[in-house]
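Listed below, chain by chain, are the residues.
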Amino acid sequence: MDLLNAFIALANFVLVPAIAYGSQLALGALGVTMIYGILRFSNFAHGDTMAFGTMVTILATWWLQGMGVSLGPLPTALLALPVGIAGCMALLLLTDRAVYRFYRAQRAKPVILVIVSMGVMFILNGLVRFIIGPGDQRFADGERFIVNAREFKAATGLEEGLAVKTTQGITLVTAIVVVAALFWFLGRTRTGKSMRAYSDNEDLALLSGINPERVVTITWLIVAALATIAGVLYGLDKSFKPFTYFQLLLPVFASAIVGGLGNPVGAIAGGFIIAFSEVTITYAWKKVLGHALPESLEPSGLVQLLSTDYKFAVSFVILLIVLLFRPTGLFRGKAV
Amino acid sequence: MIDNPRTPALFALVAGLILLTGFVQSWNTALLILNMGLISAIMSMGVNLQWGFAGLFNVGVMGFVALGGLAAVLVAMPPTTEAWSAGGAQVLAGLLSGAAVITLAAVIRKRMAPSRRRAVALVAVLVGGFFAYRAIFDPGVEAIEAVNPAGTGYLGGLGLPVLLAWPVGGLLAAGAAWIIGKTALGLRSDYLAIATLGIAEIILAVLKNEDWLSRGVKNVSGIPRPLPYEIDLQNDPGFTARAAEIGLDPVTASSLYIKLGYAGLFAVVLVLLLWLAQRALNSPWGRMMRAIRDNETAAEAMGKDVTARHLQVFILGSALCGIAGAMMTTLDGQLIPTSYQPLRFTFLIWVMVIVGGSGNNLGAVLGGFLIWFLWVQVEPIGHALMQLVTAPMADGSALKAHLLDSAAHMRLLTMGLILLLVLRFSPRGLIPEK
Numbered sequence: 001m002d003l004l005n006a007f008i009a010l011a012n013f014v015l016v017p018a019i020a021y022g023s024q025l026a027l028g029a030l031g032v033t034m035i036y037g038i039l040r041f042s043n044f045a046h047g048d049t050m051a052f053g054t055m056v057t058i059l060a061t062w063w064l065q066g067m068g069v070s071l072g073p074l075p076t077a078l079l080a081l082p083v084g085i086a087g088c089m090a091l092l093l094l095t096d097r098a099v100y101r102f103y104r105a106q107r108a109k110p111v112i113l114v115i116v117s118m119g120v121m122f123i124l125n126g127l128v129r130f131i132i133g134p135g136d137q138r139f140a141d142g143e144r145f146i147v148n149a150r151e152f153k154a155a156t157g158l159e160e161g162l163a164v165k166t167t168q169g170i171t172l173v174t175a176i177v178v179v180a181a182l183f184w185f186l187g188r189t190r191t192g193k194s195m196r197a198y199s200d201n202e203d204l205a206l207l208s209g210i211n212p213e214r215v216v217t218i219t220w221l222i223v224a225a226l227a228t229i230a231g232v233l234y235g236l237d238k239s240f241k242p243f244t245y246f247q248l249l250l251p252v253f254a255s256a257i258v259g260g261l262g263n264p265v266g267a268i269a270g271g272f273i274i275a276f277s278e279v280t281i282t283y284a285w286k287k288v289l290g291h292a293l294p295e296s297l298e299p300s301g302l303v304q305l306l307s308t309d310y311k312f313a314v315s316f317v318i319l320l321i322v323l324l325f326r327p328t329g330l331f332r333g334k335a336v
Numbered sequence: 337m338i339d340n341p342r343t344p345a346l347f348a349l350v351a352g353l354i355l356l357t358g359f360v361q362s363w364n365t366a367l368l369i370l371n372m373g374l375i376s377a378i379m380s381m382g383v384n385l386q387w388g389f390a391g392l393f394n395v396g397v398m399g400f401v402a403l404g405g406l407a408a409v410l411v412a413m414p415p416t417t418e419a420w421s422a423g424g425a426q427v428l429a430g431l432l433s434g435a436a437v438i439t440l441a442a443v444i445r446k447r448m449a450p451s452r453r454r455a456v457a458l459v460a461v462l463v464g465g466f467f468a469y470r471a472i473f474d475p476g477v478e479a480i481e482a483v484n485p486a487g488t489g490y491l492g493g494l495g496l497p498v499l500l501a502w503p504v505g506g507l508l509a510a511g512a513a514w515i516i517g518k519t520a521l522g523l524r525s526d527y528l529a530i531a532t533l534g535i536a537e538i539i540l541a542v543l544k545n546e547d548w549l550s551r552g553v554k555n556v557s558g559i560p561r562p563l564p565y566e567i568d569l570q571n572d573p574g575f576t577a578r579a580a581e582i583g584l585d586p587v588t589a590s591s592l593y594i595k596l597g598y599a600g601l602f603a604v605v606l607v608l609l610l611w612l613a614q615r616a617l618n619s620p621w622g623r624m625m626r627a628i629r630d631n632e633t634a635a636e637a638m639g640k641d642v643t644a645r646h647l648q649v650f651i652l653g654s655a656l657c658g659i660a661g662a663m664m665t666t667l668d669g670q671l672i673p674t675s676y677q678p679l680r681f682t683f684l685i686w687v688m689v690i691v692g693g694s695g696n697n698l699g700a701v702l703g704g705f706l707i708w709f710l711w712v713q714v715e716p717i718g719h720a721l722m723q724l725v726t727a728p729m730a731d732g733s734a735l736k737a738h739l740l741d742s743a744a745h746m747r748l749l750t751m752g753l754i755l756l757l758v759l760r761f762s763p764r765g766l767i768p769e770k
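Just so you know, the protein sequences line up as chains F and H, in that order. 1 is the number of the first residue of the first sequence in the working numbering; add one for each residue after it. 337 is the number of the first residue of the second sequence in the working numbering; add one for each residue after it.
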């Protein structure tokens, strides 16, 4: 029985990966929730928006690497991130101009906008595959680990190692900075307040002289930044593949809905709930339990509740339970 | 039945396109397009039933199609007797115990008053039940998967004629739809969409992981056919003699004969289902469904049971997708779980319905054929286009090679563009609802 080793094993295999994944999901879910709050539809193209922003960032990273620029221990992609965000902003403003604005003017039903976003999803998906190809791209460079498992073991003399990847550290720091900036913007600035007013009550906001087109434009700009950052962090942590990003749509939506669509705090909480439950339920607990329990109780099997391929199932079971018992999400979301 | 003069013209156009493929490319390609077009038309009728008739937003089509495919395996493959004796009973007992746990939990939830004690009892039953289920279920699965893993390693099917799998596929999909509908149909439209999207992924995860059921990612191939094999036809002197009379070599003749046979079978199913759907649309039931779609509150005030009707139409539409899925797996002769992709099996079907005209069965059928034709043909067209564009570029330039390689991805782009254009300029589709 060795609780310290058990905790280190738990941190290494569950806590650290789940915190990183949760931050990525939270940023993605914030984008979904912002669109839902202001534009009032579920954007099916969000996964592919993330893929597009990431793709632009990767192309810029390659260009920088070709020029011999690097950030030392940090990945070069951080330097290329502003380019990716700018590219994604341009794309979203273009799709809004070319596609969504028409339906907004018509005051089309939300479900029509969802179908429209399916069309945008197809186009973005094709576009990304067209430009960068459907394969796997790795673009992380610089130092690989902040804490190395072997060095950790040598330094502490423990049996279990703890590894923290640089990308996981960057993910957490970036997510905190971005979320703080977003909440400051929404809560303290005039534009942010006008956006919240518009989200709460469109007609009243219009009466008090808020320009709806400006609110919508700023929403798209913020969403572009959030989606690109989320996508780049996910890609740095794992790898970039267009199809994987399309599939990210599912956990991202689950996070946003579990937290309550339209509620930014809920999106963040939802992201972590989904990430932690996916990782804990698909993790084989043999190692942790082996340390934590007395020897006589040591499990013989892997003690894995479900195989890793069922991770989507986990997020959706949680989603369904929340929807059935608290239809507006854990934090009160809005309903259109 | 046909009261829009555009309808026959549009169908003639699609027929012409397929015939053109036959003359320009090959009759094999044309028949392949026709066969998958027939199947796509059934899937798109299923979605039309849900969306066009009742306004239900189901983006889990892929899951129901995959369940249909599973039915083909379960019905037509020969049973693996060794696996059955090794762990068949054990697995069945495991599944029954799982069902018993869920039933018990449901009973507790219904019988006990809402309280802390009920919550504790529910959690205890579910958690304890899960471990009990795994304890019974897992050894059976291991025993089954250990039986000749390279060749079988699964329970096999019932060894019945594969045509039976078509209705069974529909039933399987209907059963799944009943469970899903019971839980998710009360949700708002876009929540329902996300829920169905997730459920389709869950169904696929089950197909990929439960090796004892359908060999998972090891795939099942060699599913028996309703028609003879080409090689048998080629060895049949009577057939080769007749082929020579028409002036065809035996290989081409046998392949065309089989494809035509499938086309005939599929066409019978499509016509039957189309007739039923048209009858339903024009019956009092169809009018009621549209009334519910257009104004739920008013329909409810008139005494219509909206939830029950939604459940009913959700099950019917999903069953159509299941039938089509079983037909598709029969045509392919194999079940490959990794080949099910949401873009191809869910969202493309939606493009078919929207482009064809939601709320109109003929529109959905037309959309099925037309969009499938484009899905297949955009790739060679895109390739030709790229060749034209890149012709002036120097051979061996990286950009030229990249552009030529990427032509394959044009189809996604095109589908999105078509969907957006139709939604913008003809939102009711090519053949609008009356």
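Check each hint, because a few of them may be wrong.
Quick list of in silico lysine-lysine cross-link-like pairs, DSS-like style, CA-CA up to 30 angstroms [what the hints assert, rightly or not]: (1) 640(H) - 241(F); (2) 554(H) - 544(H); (3) 153(F) - 286(F); (4) 286(F) - 238(F); (5) 109(F) - 238(F); (6) 446(H) - 109(F); (7) 193(F) - 238(F); (8) 446(H) - 518(H); (9) 153(F) - 287(F); (10) 241(F) - 544(H); (11) 286(F) - 165(F); (12) 165(F) - 287(F); (13) 770(H) - 640(H); (14) 238(F) - 770(H); (15) 153(F) - 165(F); (16) 241(F) - 153(F); (17) 193(F) - 287(F); (18) 518(H) - 544(H); (19) 770(H) - 736(H); (20) 595(H) - 446(H); (21) 287(F) - 640(H); (22) 736(H) - 241(F); (23) 554(H) - 109(F); (24) 544(H) - 109(F); (25) 165(F) - 109(F); (26) 544(H) - 238(F); (27) 640(H) - 518(H); (28) 640(H) - 286(F); (29) 446(H) - 286(F).
Because the hints were derived from the structure by calculation, they are not lab data. Values in this document were obtained by computation on a predicted structure and should not be read as measured data.
Each hint, compared with the structure:
1. Our distance criterion of 30 angstroms between C-alpha atoms is broken by residue 640(H) and residue 241(F), whose separation comes to about 48 angstroms.
2. As the CA atoms of residue 554(H) and residue 544(H) are separated by approximately 9 angstroms, the hinted pair is consistent with the 30 angstroms bound.
3. Proposed proximity of residue 153(F) and residue 286(F) is supported: the alpha carbons are some 20 angstroms apart, at most 30 angstroms.
4. A distance of roughly 25 angstroms separates the Cα atoms of residue 286(F) and residue 238(F); the hinted pair therefore holds under the 30 angstroms criterion.
5. Proximity of residue 109(F) to residue 238(F) is assessed by CA-CA distance (about 37 angstroms); at most 30 angstroms being required, the pair is judged violated.
6. A threshold of 30 angstroms between alpha carbons decides the hint, and for residue 446(H) with residue 109(F) the separation of about 37 angstroms lies outside it, so the pair is violated.
7. Between the alpha carbons of residue 193(F) and residue 238(F) the distance comes to roughly 36 angstroms, so the proposed pair goes past 30 angstroms and is violated.
8. As the CA atoms of residue 446(H) and residue 518(H) are separated by approximately 16 angstroms, the hinted pair is consistent with the 30 angstroms bound.
9. Taken as a hint, the residue 153(F) and residue 287(F) pair is honoured in the structure, with Cα atoms around 16 angstroms apart against an allowance of 30 angstroms.
10. Only pairs whose Cα atoms come within 30 angstroms are accepted, and residue 241(F) paired with residue 544(H) is accepted, the gap being roughly 21 angstroms.
11. For the given pair, residue 286(F) sits about 23 angstroms from residue 165(F) by alpha-carbon distance, which is consistent with the 30 angstroms threshold.
12. Restraint check: the Cα-Cα separation between residue 165(F) and residue 287(F) comes to about 21 angstroms, which is no more than 30 angstroms; the hinted pair holds.
13. A distance of roughly 23 angstroms separates the Cα atoms of residue 770(H) and residue 640(H); the hinted pair therefore holds under the 30 angstroms criterion.
14. For a cut-off of 30 angstroms, the pair hint linking residue 238(F) to residue 770(H) is broken: about 51 angstroms separates their Cα positions.
15. For the hint linking residue 153(F) to residue 165(F), the alpha-carbon distance of about 16 angstroms falls within 30 angstroms, and the restraint holds.
16. Of the supplied pair hints, the one linking residue 241(F) and residue 153(F) is violated, its CA atoms being roughly 34 angstroms apart against a limit of 30 angstroms.
17. With a C-alpha separation of about 49 angstroms, the suggested pairing of residue 193(F) with residue 287(F) is violated against the 30 angstroms cut-off.
18. Distance hint between residue 518(H) and residue 544(H) is fulfilled; the C-alpha atoms sit about 25 angstroms from each other, no more than 30 angstroms.
19. Straight-line distance between C-alpha atoms of residue 770(H) and residue 736(H) comes to about 49 angstroms, which puts the hinted pair past the 30 angstroms bound.
20. The straight-line distance between the Cα atoms of residue 595(H) and residue 446(H) is roughly 54 angstroms, outside the 30 angstroms bound, and the hint therefore fails.
21. Distance restraint check for residue 287(F) and residue 640(H): the Cα-Cα separation of roughly 57 angstroms exceeds the 30 angstroms cut-off, and the hinted pair is therefore not satisfied.
22. For the hint linking residue 736(H) to residue 241(F), the alpha-carbon distance of about 23 angstroms falls within 30 angstroms, and the restraint holds.
23. Distance restraint check for residue 554(H) and residue 109(F): the Cα-Cα separation of roughly 44 angstroms exceeds the 30 angstroms cut-off, and the hinted pair is therefore not satisfied.
24. A C-alpha spacing of about 37 angstroms is found between residue 544(H) and residue 109(F), which places the hinted pair above 30 angstroms, so the restraint is violated.
25. For the hint pairing residue 165(F) with residue 109(F), the CA-to-CA distance comes to about 45 angstroms; that exceeds 30 angstroms, so the pair is violated.
26. Taking the CA atoms of residue 544(H) and residue 238(F), the gap is near 22 angstroms; set against the 30 angstroms cutoff, the hint holds.
27. Note on residue 640(H) and residue 518(H): the hinted pairing holds, with a Cα-Cα distance of about 18 angstroms set against a maximum of 30 angstroms.
28. Among the hinted pairs, residue 640(H) with residue 286(F) is inconsistent with the structure: their alpha-carbon atoms are about 54 angstroms apart, more than 30 angstroms.
29. Taken as a hint, the residue 446(H) and residue 286(F) pair is broken in the structure, with Cα atoms around 36 angstroms apart against an allowance of 30 angstroms.
Hint compliance for this structure: hints 1, 5, 6, 7, 14, 16, 17, 19, 20, 21, 23, 24, 25, 28 and 29 are not met, and every other hint is.
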